[in-house]
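Reading the sequence shown from the start, the letters are residues 2 to 382 in our numbering.
Everything labelled a hint here was simulated from the structure, so no lab data went into it. Among these hints, one or two may not hold up.
[Claimed, not checked] Once the Cα atoms are required to be at most 27 Å apart in a straight line, the calculated DSS-like pairs of lysine-lysine come out as:
hint : residue 1 : residue 2
1    : Lys324    : Lys120
2    : Lys191    : Lys165
3    : Lys133    : Lys241
4    : Lys133    : Lys380
5    : Lys241    : Lys45
6    : Lys181    : Lys298
7    : Lys16     : Lys45
8    : Lys61     : Lys141
9    : Lys241    : Lys191
10   : Lys380    : Lys174
11   : Lys174    : Lys210
12   : Lys279    : Lys165
13   : Lys133    : Lys165
14   : Lys114    : Lys210
15   : Lys181    : Lys191
16   : Lys210    : Lys181
17   : Lys210    : Lys165
18   : Lys324    : Lys133
19   : Lys16     : Lys141
20   : Lys181    : Lys195
[Claimed, not checked] Derived Cβ-Cβ restraints for the label pairs, each shown as a range:
hint : residue 1 : residue 2 : range
21   : Ser87     : Asn255    : 23 to 29 Å
22   : Glu51     : Ser200    : 20 to 26 Å
23   : Lys114    : Asp302    : 33 to 39 Å
24   : Arg372    : Arg288    : 26 to 32 Å
Where is the CB? At the ideal position from N, CA and C, for every residue including glycine.
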Amino acid sequence: MTILLFLSGCNSDKKMITITGRISCPAYDSPLVHPFITRISDNKTFIGDESGRFSVVAQKNDSLRFSYVGTVSQTIPVSGDRMDVSLDPYVPGAENPIVRIKSRYPEMETLLKTYIDDKDARIGIGLIINGKDTIEVNGKEEFPMMSVFKFPLALVVAHIIDSKGMELGASIKISEEDLKENTWSPMVLKYGRKPMVLSVRELLEWSLKESDNNAADILLDYIGGIEGMNFNMRQMNLPKEIKIGATEDDMHRNPSLCYLNMSTPIAIAELLNYFNLKLRDSSDSFREVALMMENCKTGTDRLAAPFISSGAVLGHKTGTGDKQESGRISAINDCGYVNLPDSNFYSIAVFIADSGYDIADTSAMIAEISRIVYQEVCKEK
Numbered sequence: 002m003t004i005l006l007f008l009s010g011c012n013s014d015k016k017m018i019t020i021t022g023r024i025s026c027p028a029y030d031s032p033l034v035h036p037f038i039t040r041i042s043d044n045k046t047f048i049g050d051e052s053g054r055f056s057v058v059a060q061k062n063d064s065l066r067f068s069y070v071g072t073v074s075q076t077i078p079v080s081g082d083r084m085d086v087s088l089d090p091y092v093p094g095a096e097n098p099i100v101r102i103k104s105r106y107p108e109m110e111t112l113l114k115t116y117i118d119d120k121d122a123r124i125g126i127g128l129i130i131n132g133k134d135t136i137e138v139n140g141k142e143e144f145p146m147m148s149v150f151k152f153p154l155a156l157v158v159a160h161i162i163d164s165k166g167m168e169l170g171a172s173i174k175i176s177e178e179d180l181k182e183n184t185w186s187p188m189v190l191k192y193g194r195k196p197m198v199l200s201v202r203e204l205l206e207w208s209l210k211e212s213d214n215n216a217a218d219i220l221l222d223y224i225g226g227i228e229g230m231n232f233n234m235r236q237m238n239l240p241k242e243i244k245i246g247a248t249e250d251d252m253h254r255n256p257s258l259c260y261l262n263m264s265t266p267i268a269i270a271e272l273l274n275y276f277n278l279k280l281r282d283s284s285d286s287f288r289e290v291a292l293m294m295e296n297c298k299t300g301t302d303r304l305a306a307p308f309i310s311s312g313a314v315l316g317h318k319t320g321t322g323d324k325q326e327s328g329r330i331s332a333i334n335d336c337g338y339v340n341l342p343d344s345n346f347y348s349i350a351v352f353i354a355d356s357g358y359d360i361a362d363t364s365a366m367i368a369e370i371s372r373i374v375y376q377e378v379c380k381e382k
């Protein structure tokens, strides 16, 4: 049995046990291939094998969260060394509660709730208006980020550049092996697969503006890989709900690994709000990252659609998944900050998972959510 584990060292002073078991969903005829198990104590994620079996080391008083695309996740306390878990299929429209944390926009809440109620998809929204009014729709549920992860990646890159007293003009040597084929890479279309030297700045531009997968993985390797990414995110006090466990190449070779790069909508909205209010003007590196996001060329039919040519400034990052064996799209996302001409501003993260629609129709749902928010914020005086 082959199991991939994404695991850091455990405290040897605490008694650990090995839990084995199998995750299934009776509603499905086939096994759950590579289900996900998250150890709650440290948010480390494990992957089961092709038949849904797993082996995880944890403390006896810990809890494990079991999840799989298209199912309802379960969090269960560890009480013994055997855990066989049955997950229920996700039924679109069965959840989607509106949660008001602090908001002066009750009509917006009603409009969002009404709009998403009958949608054949799992929808999560995190929204922070003028740095204080906060609304979430499934905002604390985990969603696969897809290429949205390139936003926190860019922040870590800029942080490391600044901490080392360097500039974004610093060079990175790139080998032919770094440039994967059969992946989204406008950079390779321009330069071809050959050894070259590019600046950190240009790689960030390819990653943020064009969502280039090779550029993102080269930058990820530059900062120390997945371990370096997670270490620096914690050093920067980025929201702990943002978790990175796979490279773009990993996800290309095994699409199910996209579920290792997870976040909650509210965590991304909080990060965007912090970036827009404070971080973007803290250094030249972060200012350049902001300009790249504000010139993002992907997803013009998503968050940007309602206010193209309106004078609003949108800095955003999209994420797009593939169609699964079930026929559903794993994820269509768009997350960004919006600065309006009237001085209102907000950060918004919209994640749509397990969509029963095609990419265009799912993107149109993000555009409609964006329109609702934009019009309601503009109405408030």
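Checked against the structure, which of the hints given earlier come out wrong?
-> 2, 9, 10, 13, 14, 18, 19, 22 and 23
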